[in-house]
Amino acid sequence: MIAKTLKVFTVSLLLALAGREAFAQDSPPLVLSLDQAITRGLKTNLSAVLARSRMDEAEGTRERRLAAYLPHLRIETPFAWQTRNLRAQGISFPNSPAVVGPFTSYDFRIYGEQSVLDLQSYHAIKAAEEEQKARRADYQDARGEVIRLVTVQYLNAAYAQARVATARSRVQTSEVLEKLARDQRAAGVADGLDVLRAQVQLANDRQNLLATGNNAQLALLALARSVGIDLGTPITLTDQLSFKPLDPPQIEQGIQAALESRPDYRSLFAQRASLEEQAKASRSRYLPKIVVSGNYGTSGQEMSNLDPTGMLQVNMVLNLFDYDRKGERLELESRLDRNRRQIADLKLGVEQDIRAALLNLTSATDQVATAREGAQLAERELQYAGDRFRNGIANNIEVVTAQDALARARDNELNALAQHAEAKITLARALGDTEQVYRLFLGIE
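Start counting the sequence shown at 1; every next residue gets the next number (full-length UniProt numbering).
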């Protein structure tokens with residue numbers, strides 16, 4: 001009976017797994033545009049998620065700092081059954097017992113406390129607010145980097161798929177030329193070496209097709225991970241490599257715009273403001289603090305006989321000696337110095353990013369034009385070489401050479417198109433308003 005049950009269970013499990021595999025194979029591919037990929041990446045990419053988490057954490061820190069200046073209220077309701085040693089308290093009467101009790105006491109009371117003057121807490125609140133601004137800028141910066149990363153991954157996948165199409169076309173051309181070589185040999189125009197040379201070229205092109213196909217699958221895997229798609233889901237890209245010109249800004253205008261809008265640059269200034277507020281809070285540790293506190297409630301020995309009592313007091317606290325402040329001051333001065341150096345360095349980095357992005361964009365634009373011209377010339381070269389071989393004027397060495405030249409020219413064109421698109425998103429990233437301008441820069445409708 002047990003063996004039969006195990007057999008049924010095993011068969012059911014195998015059928016379920018087979019059905020699941022068949023479903024995975026038959027599932028339709030996910031149609032994905034560049035804009036959709038970026039939208040997915042902004043929602044699921046780990047960098048953006050972590051940056052959002054740090055921004056939320058900074059909000060929580062600000063709320064905690066703000067609590068120091070808000071009223072503190074609590075209710076206490078102690079019920080006590082006790083005895084007391086009067087002699088231990090220094091109380092002694094003739095003919096009186098040392099221990100009194102047991103007796104009960106009831107107390108129902110609300111306590112309140114409000115800071116009236118606390119400059120240390122005030123500057124701590126301001127520091128937390130500036131830190132929150134820094135984390136918000138970091139979140140914007142992370143989203144901009146995700147846009148750039150997803151765009152590059154998408155371009156890599158589109159480039160890899162375009163190379164597959166080119167490699168497949170090259171195999172088809174090699175098959176035609178290999179058949180031509182065999183026909184020429186049969187006609188007595190070519191010899192066996194021409195046929196062998198064409199067959200070697202065909203084998204090389206088939207090998208290249210296999211390699212480019214694998215690279216295309218790897219590129220899709222990287223894209224799927226970066227945008228949070230299940231790695232087993234087939235993907236169909238809708239946006240292919242194409243040339244969409246962009247009128248770039250002038251260098252000085254670009255640098256000025258980047259310094260005003262770059263979130264990483266603004267984050268450093270917010271961090272500096274936070275550190276300055278922390279320094280003020282540290283200096284305020286020696287200033288007086290004024291706190292108003294009080295309580296009100298009822299108390300007594302019997303629940304049926306409770307009398308109202310209360311207290312209101314103003315308390316001033318003055319810190320006379322606190323050696324920890326010296327270490328805190330040195331710590332904050334060091335952090336401020338690092339921050340100033342980071343700001344100065346990033347200012348130069350912003351200019352470098354803008355200049356480099358504009359240089360890359362100009363170069364990529366020129367490369368596209370040159371590569372297209374080279375591809376057209378290579379196609380003509382292959383046509384002429386094929387005609388010469390077909391007419392018996394030359395052997396197929398010229399044909400094989402022209403095939404290699406055309407393959408390089410087409411790959412150069414694809415590479416130039418990918419570099420041009422990447423240069424545009426890099427420029428958008430360098431300017432700082434990546435999320436606002438990436439559609440314009442990439443030509444997304």
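You may find that some hints are simply not true.
[What the hints assert, rightly or not] Derived pair list, reagent style BS3-like, types lysine-lysine, alpha-carbon separation capped at 27 Å:
{"hint": "1", "residue 1": "Lys-43", "residue 2": "Lys-126"}
{"hint": "2", "residue 1": "Lys-43", "residue 2": "Lys-289"}
{"hint": "3", "residue 1": "Lys-280", "residue 2": "Lys-126"}
{"hint": "4", "residue 1": "Lys-280", "residue 2": "Lys-326"}
{"hint": "5", "residue 1": "Lys-326", "residue 2": "Lys-289"}
{"hint": "6", "residue 1": "Lys-289", "residue 2": "Lys-126"}
{"hint": "7", "residue 1": "Lys-43", "residue 2": "Lys-347"}
{"hint": "8", "residue 1": "Lys-347", "residue 2": "Lys-133"}
{"hint": "9", "residue 1": "Lys-133", "residue 2": "Lys-244"}
Think of the hints as simulated: they come from the structure by calculation, not from any bench.
Quick caveat: nothing in here was measured; it's all calculated off a predicted structure.
request  = For the pair we were handed, Lys-326 and Lys-289, check the Cα-Cα distance against 27 Å.
outcome  = holds, 20 Å
ask   = Lys-43 and Lys-289: Cα distance at most 27 Å?
value = Violated - the C-alpha atoms of Lys-289 and Lys-43 are around 46 Å apart, more than 27 Å.
Pair hint outcome, Lys-280 versus Lys-126 [Cα-Cα no greater than 27 Å] = holds, 10 Å
query = Does the alpha-carbon distance linking Lys-347 and Lys-133 stay inside the 27 Å limit?
reply = holds, 19 Å
task = Sort out whether Lys-126 lies within 27 Å of Lys-43, counting only the CA atoms.
result = violated, 31 Å
query = Does the structure keep Lys-133 and Lys-244 at a Cα separation of 27 Å or less?
reply = violated, 36 Å
task = For the pair supplied as a hint, Lys-43 and Lys-347, confirm whether the alpha-carbon distance does not exceed 27 Å.
result = Between Lys-43 and Lys-347 the Cα gap is close to 30 Å, so the pair fails against 27 Å, i.e. violated.
key: Restraint status (C-alpha distance of Lys-280 to Lys-326 at most 27 Å)   = holds, 13 Å
inquiry  = Does Lys-126 sit within 27 Å of Lys-289, going by the straight-line distance between their CA atoms?
reply    = Since the Cα atoms of Lys-289 and Lys-126 sit roughly 17 Å apart, the hinted pair holds (cutoff 27 Å).
Hint check: violations occur at hints 1, 2, 7 and 9; the rest are consistent with the structure.
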